[in-house]
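Asker: Next come the chains, spelled out residue by residue.
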Amino acid sequence: MKVVGITSQQEVYVATKDRNFRINEFLIIEDSYQGDLIGEVVEANAYNKYIPMNLHGELADSAVLESLRAIGYDIEEDTIYIAKVRLLNEALYPVEAGSDVRIPAFHEVRDLMVRCSPEEGLVLGVIRNTDHMAETMDEEYKNLLYTFEDGRLERQKEIPYIFNIKTMHQYPHIGIFGGSGSGKSFGLRVILEELMNLNIPTVVLDPHYEMDFSQTADYLPGEERLDYAGKFKCLQVGTHVGVKFEDLSVQDLKNLLDASGALTDAMNNVVDILYKKRDSYTSFFNRLKMLAEAQEEGSVDKIRRRIEESKTDLERQGWQERLELYLNYDKSCPYSSVRGIIWRLNRLSNEGIFSKDIREIENGLHNGKLIVVQGSTRILQVFSTYLINNLYHKRREYKDAQYRNEASDYFPPFVVVTDEAHNFAPKAFECPSKAILKEISQEGRKYGVFLILATQRPTLLDETITAQLNTKFIFRTVRSSDIATIKEETDITMEEARRLPYLRTGDVFISESALGRTIFARIRAAHTSSPHTENPFDELKGKFEENENKFMDLIRDKLPINGDDFLNVIREIEKEAGITYTLDTFEEKLEDMVEKGFLIKKKTPFFNVYDEK
Amino acid sequence: MFSLNEELRGEIKHINDTLLNKYREVLSMDKKLLRKFINNYIGKIKKLEKMTTRELKKYVELGGILGVDGSKNRLGGAYPHFIEIYQGLARSTLHKDKPVFKTKIYTPLQLEESSNMLEDSREEKMRSDKNLADIEVEAALEGIRSFNPYAVIMDGSIIRYDIASKEKWMELKSECEERGIILVGVTKDIKTCIIGQKLKEEKIISIGHKFHDRELLYGTLDYGEAVFIDIETKKELAGIESTFLRSSLSPTVIAVDILESQKAHLEEMVRLIFTLTPKNGRGVPLWIDIVDSEVKIPDNMIRSLLESYLDRRLLEMLFISERDKRTI
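For the protein sequence lines, the chains are A and B, in the order given. So the first sequence is numbered by the numbering used here: it starts at 1 and just counts up by one. So the second sequence is numbered by the numbering used here: it starts at 1 and just counts up by one.
Hint data in this document are derived by calculation from the structure and do not stem from the laboratory. Honestly, I wouldn't trust all of these hints.
[What the hints assert, rightly or not] No farther apart than 20 Å at their CA atoms in a straight line, the calculated lysine to aspartate or glutamate pairs in the EDC-like style are these:
hint, chain 1, residue 1, chain 2, residue 2
1, A, K394, A, E430
2, B, K96, A, E297
3, B, K198, B, E6
4, B, K58, A, D611
5, A, K17, B, D97
[Stated by the list, open to error] On the chain B side, residues computed to face chain A include the following (Cβ under 10 Å):
hint, residue
6, E55
7, G281
8, D289
9, S293
Yeah, the Cβ is synthetic: ideal placement off N, Cα and C, and Gly gets one too.
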């Protein structure tokens, strides 16, 4: 391999007759003046001057090439391989043309490839096209993982990609971009598995109900399977966790109500006026309700009459209170707005939000667990606002107190993870969860709170947040607007951006600010599998087969069944299995079985006979 | 824009008329009649089959095929201020990593005393032809000595070597004959008048001019057909047998020459050349094209070589013509 053509300080062309180049391969250029220079292949070509691309038909046909091969000359041996190599660090002078080029040994590139031990970092996959160097790799980096290649599980052959989580202190937050089916959710799963391995407290917002780690992957060899059962917890909003009403601030409450249904200015005003500090759900709700009832009466006189007509003390007291509320608030709180708030509050309450709290999440984080919070996107948007605000401020208070040398309860640093992040921090409009995510993106680093945001639409993600994502995993992306955003926000090159629409599922460009360059990697095989992996069409087929088998079991010992005997058979089945068929459905079922080839139908002059095949 | 010179257009039209007039006979000649004439008076037209892979594999055991070609680059202006670089290449299909290169540089200035400043251009042309032929024959000689091939295919008619480089050619010829190495030449541009001559002599088809074989055979032979010439020709007097072959779908024909002593191998060699020629190509065997492209040196490379290794003053003074410096 030699450097050919015109060189520069950044790029050179390398040519050889012996081997083909692969994109993202590393090469060492032995420049006689500047010493060894390391570069990466960014473009690879092969060329044979005897097989030109010619539009005028002068093309050596295969018969002639075959004949030449027969007399001993193989034209393919005259193929030249050319690679465009970009230097990792700019050289002081243009590279000397004619310099020798070789494949580096592992120790020469170790610092570029792996920067922490597998025990300390996240072992996420392999760096592509490094198998030549991996041969001389230290034992500690070997056999760490498996990858899927063309649907087959393969042992690690390349250098592992280990994300040094400690660099997040200087270069916080991770973005994961990629279209659907690109391996994005899968990559997120692997990242979460690694976070669990390191016992890093993590909160995952999971609108898809897919981040369940209880199913170990059956494809891995038995002794290498990992069980995450004790390391994570799936909690559903309303069922396991909720909001403690007493802890809510006015703003929190307004956000919650807003998520339930958009608030008008008047409604906002109603909450401001009627909500008292330390209100419980019941006290707040009663106040609203009584005011509404008073307003329904319509006037002070009518309420007074109600008081006079009261039969019990309790009733009288109640109307007395209503009168007070009416006098205080009727002018400032229009009836329709009060009803609106009641309706929204009811809706939230029915979802169970106010009946639980977030103590279980806090406990989990204290124990270094991964907490998966599940719920619909709408409810998660609101709940996450409350939850993350709460957790972030707890952590912040602890750190600030520590700084001021005051005593305070310990709260651990943690990571917030979410898929479909553009729903939680959209670019175009305001949304309650956006403010807190934005705050964490800008200041979280100081307090040890980090974000991992996955989205298929980086273009729709808030720009301030995107700018703070220091590490980006970029999977296959087809939309040109998203590719443009990715180009703007990362250091991926033109050549790499051009490859984005064609990446294979699970292949990823990793752009790390800590590294200052982009790595082409493949995500490892996960230790656990998603609950959504069953193909719905297989599911349908399975379901039908199950039904058919069940029916066959019921009628097997009654075969052959005569057409004039249905009634008796139906009665027998009802007695044995407790399942009732009408004559019509029973006949329909039998016909169906005939059609599917389980039974045969014989016609007689009087009736049909159904028998086993 | 370019303004079209009316006079030039007229001249071109005139040439077209003259040529049409001259070649009317050829253009309107009956193909069947001409083929019959060739069959009867020149030699049999034979349809050839391509060689099978098995037949071709035999050549690997027998030593492979040696392809020989030469190239010439010229830099500079009029006599004697120019320099010529000749390169010959012999390449075996078996030893592809060991090409035999021969080079020679010639400039009239190198000679002690030029006899006549207005050197005869014909003599100069002969010298140039000799140099090129010499270098090719030398390459072929070294090629057969180091690789001992089954056959040698030279680019161009082998009679050329007999004329331009008599001594060395004789050496090559006798060595090939002694060692049983078949020597053939492949001519892309045939310049002979064998058929035209005979046509005029026999007067069977009335014809006004003595047409070239290239003109008469254009489109007359079908793909894969060859004419094995049976009659006495000038070449035969020099001990060379010839064949015309339409080796590709392009209507032009090529000629294959062989030493008379090796005449028995002629058909075999013609078939080999036919097999090695791309069907949609110009009619040249791919192996010869490959050797040809290998031996050619781009002019700018020659120039940079001279710029690197010749004294700059000498170069400017002697070999850079005014024409080379022109920029518009």
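Asker: So which of the earlier hints does this model not fit?
Answerer: 1, 2, 3, 4
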